[in-house]
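Just so you know, the protein sequences line up as chains A and B, in that order. Just so we're aligned, residue 40 is where the first sequence starts under my numbering, counting upward by one. Just so we're aligned, residue 2 is where the second sequence starts under my numbering, counting upward by one.
If you're looking for bench data, these hints aren't it; they were derived computationally from the structure. Only a predicted model underlies this, so the values are computations on that prediction, with no experimental measurement involved. Do not rely on the hints blindly, as some may be mistaken.
Claimed, not checked - FRET-style restraints, in silico, Cβ to Cβ:
| id | chain 1 | residue 1 | chain 2 | residue 2 | range |
| --- | --- | --- | --- | --- | --- |
| 1 | A | Ala56 | B | Thr81 | 25 to 35 angstroms |
| 2 | B | Glu64 | A | Asp97 | 35 to 45 angstroms |
| 3 | B | Leu69 | A | Gln119 | 41 to 51 angstroms |
| 4 | B | Leu69 | A | Ser150 | 40 to 50 angstroms |
| 5 | B | Glu60 | A | Ser79 | 21 to 31 angstroms |
| 6 | A | Gln109 | B | Lys15 | 23 to 33 angstroms |
The beta-carbon is built from N, C-alpha and C at its ideal position, and this holds for glycine as well.
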Amino acid sequence: QKEVEQNSGPLSVPEGAIASLNCTYSDRGSQSFFWYRQYSGKSPELIMFIYSNGDKEDGRFTAQLNKASQYVSLLIRDSQPSDSATYLCAVIGRSGYSTLTFGKGTMLLVSP
Amino acid sequence: GAVVSQHPSRVICKSGTSVKIECRSLDFQATTMFWYRQFPKKSLMLMATSNEGSKATYEQGVEKDKFLINHASLTLSTLTVTSAHPEDSSFYICSASHDLIAADTQYFGPGTRLTVL
Numbered sequence: 040q041k042e043v044e045q046n047s048g049p050l051s052v053p054e055g056a057i058a059s060l061n062c063t064y065s066d067r068g069s070q071s072f073f074w075y076r077q078y079s080g081k082s083p084e085l086i087m088f089i090y091s092n093g094d095k096e097d098g099r100f101t102a103q104l105n106k107a108s109q110y111v112s113l114l115i116r117d118s119q120p121s122d123s124a125t126y127l128c129a130v131i132g133r134s135g136y137s138t139l140t141f142g143k144g145t146m147l148l149v150s151p
Numbered sequence: 002g003a004v005v006s007q008h009p010s011r012v013i014c015k016s017g018t019s020v021k022i023e024c025r026s027l028d029f030q031a032t033t034m035f036w037y038r039q040f041p042k043k044s045l046m047l048m049a050t051s052n053e054g055s056k057a058t059y060e061q062g063v064e065k066d067k068f069l070i071n072h073a074s075l076t077l078s079t080l081t082v083t084s085a086h087p088e089d090s091s092f093y094i095c096s097a098s099h100d101l102i103a104a105d106t107q108y109f110g111p112g113t114r115l116t117v118l
């Protein structure tokens, strides 16, 4: 059974701070890792994907992948109230069949 | 780029009727389309995966005769909820991917909120 685990939160940070969101996965052979943002009542919006160990930066967002430890994280620098949303971690396993397994998401609250 | 639309965005129907939801990739040809369902405060659950011109592959526990999926072209997939019941009320979201656009990446439509009375 493939599992993707996230702390449900809420994670509360003040405006301007760094928000750190973490995700672990059970399938050691997983190949592709994604972070989506979902506002209440809306569909997920892709933020970043990462395939290789290490860091990947895109604007205020940095994804970090450590396959040996089976975790992937998302850092949001200079957090804004508009970043308040649920962040979903999603993983594609080793099978090559492009189905995403989603975590339950972490709710982030950025206070002004 | 990689825009996916869904129609309708919201539908209310009576129990026993059928509802069709359309998912379109607007600026790319989708090799694969996915259908998800999300209940309040729950994560997305994959219902089925469809490739253009092929039968959909349904996840365990999803009734293929109740949730009919047609993927007739590279830009259109439809989900029909047949004989809908109140427990089918949910947020239905499609996504689309293409092998040549950041392989494996799924782009989501805005979702359809179904309420069955």
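C-beta pair B/Leu69, A/Gln119: status relative to the range 41 to 51 angstroms that was hinted: holds, 42 angstroms
Consistency of beta-carbon spacing, A/Ser79 to B/Glu60, with hint 21 to 31 angstroms: Since the Cβ atoms of B/Glu60 and A/Ser79 sit about 25 angstroms apart, the hinted range of 21 to 31 angstroms holds.
Beta-carbon spacing of A/Ala56 to B/Thr81 - inside the hinted bounds 25 to 35 angstroms or not: violated, 46 angstroms
Beta-carbon spacing of A/Gln109 to B/Lys15 - inside the hinted bounds 23 to 33 angstroms or not: Hint violated: Cβ distance 47 angstroms, outside 23 to 33 angstroms.
35 to 45 angstroms as the expected CB spacing between A/Asp97 and B/Glu64, which holds or is violated: holds, 40 angstroms
Consistency of beta-carbon spacing, A/Ser150 to B/Leu69, with hint 40 to 50 angstroms: holds, 46 angstroms
Checked against the numbered hints given earlier, this structure breaks hints 1 and 6; the rest are met.
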